[in-house]
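**Student:** Sequence:
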Amino acid sequence: MRFQFDLRGEITAKAPESAIVILSTHADERLIEEAKTIGARAYVAKTKAGEALVKAIESAIAGGALF
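Residue numbers -14 to 52, in the working numbering, belong to the letters of the sequence shown in order.
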């Protein structure tokens, strides 16, 4: 999982205005906290995707956060 989070620096270097939303197969609280630490705006487990993913993206675009 660490590799995916490491991409944040590369993404924000190329597009600093990006709002990062993480979609993961893991609903682990430790990973959610790590996502917050790296500046992600949202974290959605694939098991809860669908409407939750749409809400996370809308929240990130609006400048909010959803975890």
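Hints listed in this document are in silico derivations from the structure and should not be mistaken for laboratory results.
Because the structure is a prediction, the values reported are computed rather than measured.
There may be inaccurate statements among the hints.
Quick list of the computed label-pair ranges, beta carbon to beta carbon [what the hints assert, rightly or not]:
1) Thr32 x Pro1: 10 to 20 Å
2) Glu36 x Ala(-2): 13 to 23 Å
3) Lys40 x Ser3: 15 to 25 Å
4) Val39 x Ser3: 17 to 27 Å
Below, computed lysine-lysine pairings styled on DSS-like, alpha-carbon distance capped at 27 Å [what the hints assert, rightly or not]:
5) Lys31 x Lys21
6) Lys21 x Lys(-1)
7) Lys33 x Lys21
8) Lys21 x Lys40
9) Lys(-1) x Lys40
For every residue, glycine included, the Cβ atom is placed at its ideal position computed from N, Cα and C.
**Student:** Hints first: check each against the structure and report whether it holds.
**Tutor:** Against the structure, the hints come out as follows:
1. Thr32 x Pro1: 10 to 20 Å: violated (31 Å)
2. Glu36 x Ala(-2): 13 to 23 Å: Because 32 Å falls outside the window, the suggested range is violated.
3. Lys40 x Ser3: 15 to 25 Å: holds (18 Å)
4. Val39 x Ser3: 17 to 27 Å: Given about 18 Å between the Cβ atoms, the range holds.
5. Lys31 x Lys21: holds (18 Å)
6. Lys21 x Lys(-1): holds (20 Å)
7. Lys33 x Lys21: Measuring from Cα to Cα gives roughly 18 Å; hence the hint holds.
8. Lys21 x Lys40: holds (17 Å)
9. Lys(-1) x Lys40: holds (25 Å)
Checked against the numbered hints given earlier, the structure breaks hints 1 and 2 and satisfies all the rest.
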